[in-house]
Amino acid sequence: MSSTSDNGSVITSLELTKPSGPRLARNGCVSVFMVFATVLAVAPLVWVLWSAISKGIGSMLRASWWTNAMDSADQAKWGALHAIVGTIQIGLITAVISVPIALLTAIYLVEYARGTKMARVVSFAVDVLTGVPSIVAALFIFALVVTTFGGHQSAWAASLALVILMVPTVLRSTEEMLKLVPDSLREASFALGITKWRTIVSVVLPTSISGIATGIMLGLARVMGETAPLILLLQFNQYFTVNPNTPTFATLPTIISNAYTQGSADTPTVWGAALTLIVLVMGLNIIAKSISRRYLRRMGK
Amino acid sequence: MAKRIEVKDLNIFYGDFHAVEGVELTVEPRTVTAFIGPSGCGKSTVLRTLNRMHEVIPGAYCTGQVLLDGTDLYGKGIDPVAVRHTVGMVFQRANPFPAMSIRDNVVAGLRLTGAKNKKALDEVAEHALRGANLWGEVKDRLDRSGASLSGGQQQRLCIARAIAVQPEVLLMDEPCSALDPISTLAIEDLINELKEEFTVVIVTHNMQQAARVSDRTAFFNLKAQGEPGHLVEIDSTEKIFSNPSQKATEDYISGRFG
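Chains as they are written, first to last, in this note's numbering: chain A, 1 to 301; chain B, 302 to 559.
If you are wondering where the hints come from, they were derived from the structure by calculation, not from laboratory data.
The reader is advised that the hints may include incorrect statements.
With a cut-off of at most 30 Å between alpha-carbon atoms, the simulated DSSO-like pairs for lysine-lysine come out as follows [said to hold, decoys possible]:
1. 420(B) to 196(A)
2. 196(A) to 419(B)
3. 417(B) to 196(A)
4. 496(B) to 309(B)
5. 117(A) to 196(A)
6. 309(B) to 540(B)
7. 309(B) to 548(B)
8. 440(B) to 420(B)
9. 496(B) to 420(B)
10. 179(A) to 117(A)
11. 55(A) to 289(A)
12. 377(B) to 196(A)
13. 309(B) to 196(A)
14. 196(A) to 304(B)
15. 289(A) to 179(A)
16. 77(A) to 55(A)
Since the model is a prediction, treat every value here as computed from it, not as a measurement.
Pulled out of the complex, with its shape left as it was, chain B reads as follows (with noise of 0.2 Å):
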């Protein structure tokens, strides 16, 4: 498991909006990379067209190409679906199904994509729950809604819904924006546990998040309000944060942005 994402010239549009130009970087697998950034430079849009969930938005379309282990993920006859099953996503904000169990949230992956044998998903959902270090809090009480959870369980119950469907690689959104300290450390804890087995893209607005969780980092930035986002360097979160390679990097690393 753990594929390698490559990204090529890739420019992604709203519509008529230029959001993002000449994208390239690549991810090696088992890494953590750190998407770091100003609002609005488009980081999180180019985590999304990892695994083509920028299409849900209407109007949204991309240019260039996005490799995973050599695939195209744009090529022809890439089902979008098929892409989401092997990129998995995290989000900002915990969105458990309110309408399911613990246990169902958790296995929903495959339960809706035609896994039916119960033992086996159980297993799965345990396994997944000990992978996102939630199991000891909800093993008791699997029946119970997910919205019963508290924010930061209720964001590792997303991450063990993501990794249950055994995902190559999984992409986070400021996964930890919406939590407290002490729920944001259990989770980063979490991501270093995780890229032993997946590649992991994360976005953060934290700076010490992205030096804290990151084998390496990129950095994105917009010349001006209205430009298109670009991205300014990618390298080893150490050289990054110590002696970056462009004046803007180091800028923005230190507070002197904008």
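Okay, chain A solo, but in the shape it has when bound (with noise of 0.2 Å):
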């Protein structure tokens, strides 16, 4: 596409001055339409962000916020030590129950089952299943563990809902990681005589540990955040337990899901909630980058 000229005259030396108008005026034009489009994308989570330091951070500063329940008759004095653990609590037993599935899936599909029917088959299930909504997970472990099996709700079976929730993404992005190293570096290996397991082990998990344990940090990331799971399959609850069996369990997103049944959404505890859930999350996506630098330096990029 070329604009108008604009001297129509036979050219007689090289023009090398400046753009001409027209093209001046389409560049200035999508220019201040493109840094409007990205102040609209970023001013919201700036918002978010403010909104939820200034109403969060006066309860987070306190003391008490990391030594209390929600047991006082003195909201002055409520913590959110019982929702704290409960968060991290529930993200553990996810993690520990969803991390051995997923890397074992992914070593199979990427190192033994690679190419075959079968391997794409299961690829696409997890494809799928990465699109599963939260609250569909739910309402399945709901169904399974209560209805079906007459179980009562508890923090294992929210786990449980989150582990459908964290295995398809730790699972894709640890198949993608395994794909990246080098097949000369399996060659190299069995060319030393080294069996395929031992190879596994010693040479391909640690050279893409990194980025693995990215993806896992960003699926604990991701599942520590869901709501739906825990509104369906616990109970609210406002004092301190580490029992994961009660029904009566208390994490961060059920204290502002909580809150807002109460009708009393907006106020400074529930927004320290907000906080430090935010907080909480950032910090492991931070963990995940810093693991994710480190690991590109050591391949070279």
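Both chains are given apart, each in its own frame, so use the hints to dock them into the complex.
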């Protein structure tokens, strides 16, 4: 596409001067629009962060926030210890169940079943699972645990629902990381008379471990912020407990949803919980970032 | 150490594709044998069947016999892992393990097959690195990553890693094709030393290199694209490069190929 030239006359010397008027105008127009779009995209994020920080920092900075539950009569002495511990506990249970399943499946798909029909079918199924809404996973576990097996709501059940969400994400990222390991390293190992399993454990996994760890952190960050399974599979609790078998079990997201049903959502306590959750998830993201940066450096990128 | 390889009526396939047909050759112990020939003639493929590395590629298989001092590597009950422990291989591109230190790279073949004695492993590492003419350059940074070395050093690290497991035979698949002339010279010198201890088979595209380093040379060719490659002749390097018995060999050597 050429813009119309200013001088329709025969050009005798080379035209190396400024771009033409219409081109400048178009450039300016699109630039303004791009900056505007960027502001539009970033502004809500900043606004959300600002609200959470300004309204929640007060609660979070109180020492009692980190030592108390919500069982005191005096709201000023309320803390979120029970919910913080609950969120971390559910995150850990979920990770402990999900990570081995995801890793072993990824290893199987990439190292043993690569190129087979079975691997393609499983990969497709994992893609579908990645898109399962959390409320559906929660409903499924509720039906399975409570209706079918006659169990009850508990942190175990909530963790199981989160496992359904975490396994596909960790599996997919691990798969990608394993595929990034060059085949030449596997061949080098085989050529030394090293068995396939030993090659995987001692050559392939250490080469990709940072990338895999990043995927695990991001998967964990995702499930720690999930709310739907917690609402369906837990009842609110204002007391401190570490027993994952009780139906009344507090987490940071459920503090917020519970407060809403009580009609008192916009309070410092709730914003404190929101901010604590953001900090927790952001912390995991930062850990993931720093691990992956180290990984990229080692791969020479 | 160092063993004789006899290849009898070897046919190699990738799925339906017949890659190499009817190879018959003998490699004497403590010699360097060079495989030369145009791209796609199957010389690397033949090399990889000598330690069953071609099986790593899905769908690849072969018929015929590869005898190592009389034992058929494709016989019943032969473990490919054990074969590769006996017949080592160095690849075209240097491939040190990026997650391991230089020392761990060298002893990987021993450490990952069960050796634990750290002192013994350190001795093996030093011996292998000296054998690969790399000791002087890396002795002060054995704990650094293997990826921190230059391309030529990485390739010598890979050779050290291959000889550390004390194989009987060392296969080299174009070990210098990604290296500059000085690094190439270093590796050619090394090959000359290695043949005192090992049987060496080297695939090369560089005919001067074949003439410089090998005692015997095998010339591979293919009749046409899509046809299987075959061994044209194998003879002493001197004879192949001065007075080959086949016209095809002479045409290739003198650059009148194709």
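Going through the hints against the structure:
1. 420(B) to 196(A): holds (27 Å)
2. 196(A) to 419(B): holds (24 Å)
3. 417(B) to 196(A): At roughly 19 Å apart (the allowed maximum being 30 Å), residue 196(A) and residue 417(B) satisfy the hint.
4. 496(B) to 309(B): It holds: about 24 Å lies between the C-alpha atoms, which stays within 30 Å.
5. 117(A) to 196(A): holds (21 Å)
6. 309(B) to 540(B): holds (23 Å)
7. 309(B) to 548(B): Answer holds: residue 309(B) to residue 548(B) is near 24 Å, not above 30 Å.
8. 440(B) to 420(B): holds (16 Å)
9. 496(B) to 420(B): holds (28 Å)
10. 179(A) to 117(A): holds (17 Å)
11. 55(A) to 289(A): holds (28 Å)
12. 377(B) to 196(A): holds (20 Å)
13. 309(B) to 196(A): It holds: about 29 Å lies between the C-alpha atoms, which stays within 30 Å.
14. 196(A) to 304(B): holds (26 Å)
15. 289(A) to 179(A): holds (20 Å)
16. 77(A) to 55(A): Holds - the C-alpha atoms of residue 55(A) and residue 77(A) are around 17 Å apart, at most 30 Å.
Every hint, counting from the list given before, is met by this structure.
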